[in-house]
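2 protein chains.
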Amino acid sequence: MGAVKWARLLRVAGLSGRKGYGIVDQPGALQSLSLGLTPCRLAAGLHATVPLHRAHQGGSRTRLVSRAGPTTLGILLLAAGLASALLHPSNPTFAEEPPAPNERPLIRLAEIQEHNREAGTFWVYRGDRVYDITDWVPNHPGGEVILRAVGGSIEPYWNIFTIHQNRDVYDILEQYFIGNIDPRDLVDGKAPARLVDDPFKSDPERDSSLMVRSSRPCNAETPASELGTFITPAEKFYVRNHLWVPDVGDAEDHRLTIELIDGEEVTYSVADLRKNFREYNITATLQCSGNRRAHMTAGSRPTNGLQWQIGAISTATWTGVRLRDVLAHAGVDLNEPDEDIKHAQFVGAEAYGASISFDKAIDRHGDVMLVYAMNGQALPRDHGYPLRVLVPGHVAARSVKWLNKVILSGDESTSQWQKRDYKCFGPNVASHNVNWDDAPAIQETPVQSAITGVRQVKGDRLRDSDLARVYGLEEESVVLEGYAFAGGGREIIRVDVSPDNGKTWWQAQLLPHDKDVHDDNQKAWAWKQWRLAVPTHALHEHFCVKAVDESYNSQPEQFDAFYNFRGNLANGWHRVPVSSRSKD
Amino acid sequence: MGAVKWARLLRVAGLSGRKGYGIVDQPGALQSLSLGLTPCRLAAGLHATVPLHRAHQGGSRTRLVSRAGPTTLGILLLAAGLASALLHPSNPTFAEEPPAPNERPLIRLAEIQEHNREAGTFWVYRGDRVYDITDWVPNHPGGEVILRAVGGSIEPYWNIFTIHQNRDVYDILEQYFIGNIDPRDLVDGKAPARLVDDPFKSDPERDSSLMVRSSRPCNAETPASELGTFITPAEKFYVRNHLWVPDVGDAEDHRLTIELIDGEEVTYSVADLRKNFREYNITATLQCSGNRRAHMTAGSRPTNGLQWQIGAISTATWTGVRLRDVLAHAGVDLNEPDEDIKHAQFVGAEAYGASISFDKAIDRHGDVMLVYAMNGQALPRDHGYPLRVLVPGHVAARSVKWLNKVILSGDESTSQWQKRDYKCFGPNVASHNVNWDDAPAIQETPVQSAITGVRQVKGDRLRDSDLARVYGLEEESVVLEGYAFAGGGREIIRVDVSPDNGKTWWQAQLLPHDKDVHDDNQKAWAWKQWRLAVPTHALHEHFCVKAVDESYNSQPEQFDAFYNFRGNLANGWHRVPVSSRSKD
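These protein sequence lines map, in sequence, to chains A and B.
Throughout the first sequence, residue numbering follows UniProt numbering, covering 1 to 584 in sequence.
Throughout the second sequence, residue numbering follows UniProt numbering, covering 1 to 584 in sequence.
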């Protein structure tokens, strides 16, 4: 295999230092899966590096409480066996040049379909060209999700993971070319559309009031009219899917595997979790790191990603068991844990992955949960049925849905969503000059607040209302409502509202709902809702809101100085034109 | 005793609701001591309220590991016995009207001196008038510090605690009038100055480079030239004293009392602590909540308090034992602590008091320490010799010096410094309309940063310098240096510097010093120092700096929207005129 090919392969695998891919950021499109390896690994010596996230760990004693699926195990063993050979430059697995098409046989579609994820060899096609990617699977930077495509067309997946639409990736694929589809199976030179798998075909129905930002995968925000309730109804809870909604079958049979630091695995069914551990209810707000991204775009410059308004945030009561209790049962010493454990990685059934610090995972006051119910009902499929993680106080991207696996590790998750997407950089950094390793993955989020409603109240109506009693206002007024939230369990202690674009400030009333749902010993995992009435004569130009948390951090006035090209954590003061008020 | 007198007494004791005293805020002057009771207590019924902070707790079993001083115990018993009687309106202890001077005897100074803190009765004088305040001592809102004055003149203390210079306080004192000083002991109608105690007479000498903001008590900041080293030398460490520096005698004999939730007391000498507990070294930054208050004043409006520039912050390596280990030894169950314990109160030998949450006090990763050494030497007297608390990540006001006592309680400290001084309110709140209970005591602090040095480097010098190698700059440049720090152990992840008043931003280099002093499992308790070289042609108007911590919180652009009348937590972007650069 030539040097040029190797340079390409390394670049694709994210191993070529700063020249890694920028992100293809069409709103609604998805970015690449895990890159598998960080650039800094290169210096440590390629020969020791295996892209699959687990293979660097020691020998794997496997203790199955329940029986683990054979597919996963098989692939991992395959990975360990093939990886070092594949990564050695002199290895003959790679052809020096793709053969000319006419040197290869014609292949029937039915034969391709046999080389699926249940088989020992994996074929895919693109256009009318067929590839045996068996040897590539363990090296795929995105991990096992590639198995979704085998036995069929790779194209629907590359239309989602648009990073593949790139010459370097095409070149890699060509190395595995084995022949063309038999023309008898083609219609207009292509495989029939009915045979092309639709990854989203089993996605659930959604509530029609959700504001859809992308449909495949589904990303839809809660409308402002539904943000005024402390608990968001499950069907109104914003949906943030990175991929399709996996169909995991019966809830009680779903299995969670805990992989300990020595490679040992312990497996629990959801029924095991329910039966063997104390159940907790935690009311917590989840917020997408892109909430209010549209405001950063409007207030500063274009940003990459879904253009959320104020509704990529919702609150629910989550029921489940504590991760720390399950880890203790699986053999982790919570009082004197192994010092090699730094992170808890989570892997979802659809291939999504992320991690949090091990300290947070086992913190007595961290309330990290394995959740099977939401607002008193089984988890809806869009929110992780039958099992998800809840990491309160952290960006929602860490609360992995459709949870298959927890891996205790010295390293954080190598996924795209840990290593790239969910980070912020300085205003001067752009996608073409970013060094992704310069910023840590977003975990706890900064202070945030928004105005969700502005109503004008006539003086004559006001006199008889609750507001008159609360505020003592008898003149024509405007009532503003909204939410405020901070990460890390830091309580919102004050919400300042300006009726004149920041010249003067009033303190909003913090509504006491959250007192019903948590005791004094629990951190503030849920948003605060607030309300303020201001007489009409005080209004000028824009309403603004900013909140303050218990560490006395607050929000930036503008977006320019905190602009980041990914548009994450857009928490500049929320400004709403005074003219936007509706009559009551 | 008449209704008017009672109204006055309640007002003085801080019991009259919103009409409590505003703070007398001459820079350099001190505010009142503890108010002893919060307004909300009034509603709970005066009859059950005893101002001394411990008397509300249950029976006090006292288990002395070492022997406690008899004075403290005696006063507390006295307090318990007298309190309910004194607070009952019909109690005859209070004279309805002060008697005319000529009805009372003349008293020799020598006799007054006999009624000192060792005696069972306590006398003071003011001018030539003598008062027996024995009955008032247990009710003194400021606590036992009043005993400093007994046997002598009250005036030097009232010159410090200026809240006493008030008609209501004079009226209370007059109720205890017992006679006039014998004219034979007066010089020009007053007691000789040599007999008037100077509370600061035993204060230590200080380094002449410290920038003094008030001398009695000593408040002095570290000069910018000394803020460039990661560890601040002890003699350059900023000094923030609320009162005098107590002279506690031999270090090894100094005793710390732990008061448990049931009133039981356990006492340790410093020697006990050294001998019986594992020693730790923690490198941590301490910052006064008033650091950069002068910038808020200059950037917005006048603020109350010492007008610190950027030097009310320093970093040291602190040696001592963990508070959690000592509490465990004293009988606290760290795994299943008594749910009534919410706070750990700290009492200093000079009467200062403050508290932190019990969770922080026992957090395995909280690193709250009982400290007896600083930078490898015994604690200097200005920094708490022989024993202080270190509460890393919290405002320095909680790291109580000259520690006498730790009280585990359901309530936070009732001191002035917990209930009033160290809080922030909205920009619209002023001293005349503040409700002190509306804001929580400052504990963890927000993100902060400052520029400590600006040097111009000529192109010809630059070519041979480290900076040329680091930055690749060969043209005439400016090198900026500074610090950045966030509370809560949240690491500084980025420092943005603008050479043109916020139009464009550069990322400063974060210097790696802190990697030498803490391991991965420890939170970021120390500041980050940073450096940036900018070519001269990029400069325009003002340099600005803002830092970002790991929760992606940052600093406000201006001071106006975050103005608070106490001038606390002034963390607006630090701006320095471009013209301020010095030639190198």
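Worth double-checking, as some hints may not be accurate.
No copy is singled out in the list; a pair is fine if it fits within one copy or between any two copies.
[To be verified] Straight-line alpha carbon distances no greater than 20 Å define the calculated DMTMM-like cross-link-like pairs of lysine to aspartate or glutamate that follow: (1) Lys523 <-> Asp359; (2) Lys458 <-> Asp359; (3) Lys201 <-> Glu155; (4) Lys201 <-> Asp340; (5) Lys458 <-> Glu155; (6) Lys342 <-> Asp363; (7) Lys275 <-> Asp250; (8) Lys523 <-> Asp338; (9) Lys523 <-> Asp411; (10) Lys523 <-> Glu339; (11) Lys523 <-> Asp363.
Quick caveat, the hints were computed from the structure, so don't treat them as lab data.
As the structure is a prediction and not an experimental result, all values here were calculated from the model.
request  = Tell me, in ascending order, the numbers of any earlier hints that this structure violates.
outcome  = Hints 2, 4 and 5 contradicted; others consistent.
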